[in-house]
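Once you have looked at the hints, place chain B on chain A.
Chains as they are written, first to last, in numbering that gives the first Met the number 0: chain A, 0 to 385; chain B, 0 to 385.
Since the hints were made in silico from the structure, they are not lab data. Remember, it's a predicted structure, so these values are computed and weren't measured experimentally. Glycine is no exception: its CB is placed at the ideal position from the N, C-alpha and C atoms. Do not rely on the hints blindly, as some may be mistaken.
Unchecked claim - Mimicking EDC-like on lysine to aspartate or glutamate, the simulated pairs with C-alpha atoms at most 16 Å apart in a straight line are:
#, chain 1, residue 1, chain 2, residue 2
1, A, K185, A, E150
2, A, K300, B, D236
3, B, K300, A, D236
4, A, K300, A, D288
5, A, K185, A, D236
6, A, K175, A, E150
As the list claims (entries may be wrong) - Sample of chain A residues facing chain B (criterion: CB under 10 Å; computed from the structure):
#, residue
7, P156
8, R158
9, H194
Protein chains: 2
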Amino acid sequence: MNINRRMVLGGISTAAAAAVLPVEISRPAPDGTRVRKIATEEAFVIPEMIGPLRDVLRRGGPNLDLKLLALIYGEVSAAALPSGAMPGANRDAFARTLLPLLLDIDAGRLGDMDANGVDVHLLSLGIPGVQMFERDTAVALATLTNDRLSEAVRRHPTRFCGLAAFAPQDPNAAAKEMERAINSLKLNGFLVNSHTDNAYLDAPRFWPILEAAEALDAPLYIHPRAPSDGMAAPFGDYRLEGSAWGYGVETGTHVMRLIFSGVLDRFPRLRIVIGHMGEALPFWMWRLDFMGAPGSRAGRKNQLKPSEYFQRNFAITTSGVEDPLALRFAIDKLGVDHVMWAIDYPYQATAPAVAFLDAASLSDQERAKISYQNAERIFRIAPSRQ
Amino acid sequence: MNINRRMVLGGISTAAAAAVLPVEISRPAPDGTRVRKIATEEAFVIPEMIGPLRDVLRRGGPNLDLKLLALIYGEVSAAALPSGAMPGANRDAFARTLLPLLLDIDAGRLGDMDANGVDVHLLSLGIPGVQMFERDTAVALATLTNDRLSEAVRRHPTRFCGLAAFAPQDPNAAAKEMERAINSLKLNGFLVNSHTDNAYLDAPRFWPILEAAEALDAPLYIHPRAPSDGMAAPFGDYRLEGSAWGYGVETGTHVMRLIFSGVLDRFPRLRIVIGHMGEALPFWMWRLDFMGAPGSRAGRKNQLKPSEYFQRNFAITTSGVEDPLALRFAIDKLGVDHVMWAIDYPYQATAPAVAFLDAASLSDQERAKISYQNAERIFRIAPSRQ
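Same shape as in the complex, but just chain A (with noise of 0.2 Å):
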């Protein structure tokens, strides 16, 4: 492995990371042949996309994620960076480089993943999906994601499969579309960025979509953003609300509240992916089955302990915790059956995602699940034809 891993895990970015690095061949398998990637929480947005978010960013107002989105959608130019500011551990001056990656789902996209021995991304419209928009403009360009989506998945149908965007602000109309995408446009499943609104899907209005992906037997992944107004108050210093922190105590209270809310027990074949190795809550399983069984409180719903939600209604990925440490704990903690890989591209570069996996101390069979066979069973992705 000759990786220069030190300047990568800095956070170079991806397109630099390709011209510097030699080609990354991943580890053969048993018989020769290379084992499968798939990599399953992968952004892109459609340039359609821009115009309103930076009429949400004129906006303004208390939601912290306008401090990422002023970033990657501002319009302030690169030439406008400091002088000398790179890619590195800058993370502010990173999120500048980042909107042709995401709006790229063709040439460049696939250069990077042939660069890095990466088969297959699993597609999903970026941080904060259509979600920060008023209903109609939010509906309208969630069918118009979906669309550019399996466009996309068409002309490239061994490389991409991809993820439908919703708009949570009609219920019901998300749940047409989501029926759209599966039965229709033939797409793998549904993302939606954590609250919509301040609101969680545990409230009952946003009940059809939990039906509807029930009803479509496809999973929901659930990818974080920054914490709802309602707790933004110690997030809003330091930059708490994203990626290093807000993000993840967002998701893993989303995924609370389904839980104890009981909307798991109503919906028992909801299927639900989370990404960041399951945003800490593997680790903090056996304090919240001791603290939250069955009975545990009044106003708690659940009919079973959390971890056994997670072992019916719940898979997770590696999605920017590259840490075989926690891998290892994921995997004996769920069962090797509730964990995929994933790159998080592009706010996170391909080739030590990809380093990671190839390092990673885990049997054949384990590597198979994790590298491909899981996603393909869980989003239903067609196996590779070789």
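Frame of chain A, contents of chain B only:
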């Protein structure tokens, strides 16, 4: 091991457990002597707290700690419990049994320790400490608490040691009381229940407290409480504010504020202890370092990576997380010198916490460090005379 583990894990009260269970014999060391057990997060209250806490309950307000406090300190007698209510998985019923256990820093507590082979309780004032009282009451009750604590330690010097309370509402008085607690009362450190009036210790007005802890070279234990009002909204349902979820989020957020504000660069020798297997921060450490390296975001002031602060400034305890897999992860991630055993008495039962430690797969050296040596070093607890 003939503990009925299921019954114990269900939350049976300690008194009942002591009656049912045989005396627990801890695993002998290779030379046939017992391994000393120092439990490092063990709660008590003094009777003079009850009246003021009931005043806090009568005053009411948005603070989510009131939910648990109403169960422990509310004027509902045990006779008002639903008939047949048992302190099993029902944590609400269990909470109503806690007050006598919290008030006992003599025979009853020693009996529980003896029955389970626990040598020492490092005592600390139970949640929420004096932090919900108005300033003068808080200052007076912190002083009285520390006097009582010191008396209990003098009555039973080989069995009890203690962490002093202080009133963050008056930082200068707090600093003076901290000095008295270490230099006159010979206590072993301090404990704070996370935020005070919704503010965190990175706020400059609290710096006299951090300065005192550093100057006295005595550790500051940051214990959970329910999330501060500015982040409380999504924790207001399903009892998410408490031990199952909100406590960890609150305390982890507090630690993130200390790290990213740069106060640990201002007070580089400050020693901090956090419970609950590190409030999941060990599991987040890779991502914290990746996303939170120095210079990662405008508005952050940390000069080190988060993991470097953990090596320099932090230790953790196992309180309330009796998970062998999480213990192994924490040791492998932080190093065995950073991990101490705790029960979280009386909120958690003693017997299963002891069984967890006895059954953990540890080398003899690791067992000694986690069971007592780290606590002796970190809290300056006198070695056993054996």
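Hints violated by the structure (listed by number, smallest first)
Those not satisfied are hints 5, 6, 7 and 8.
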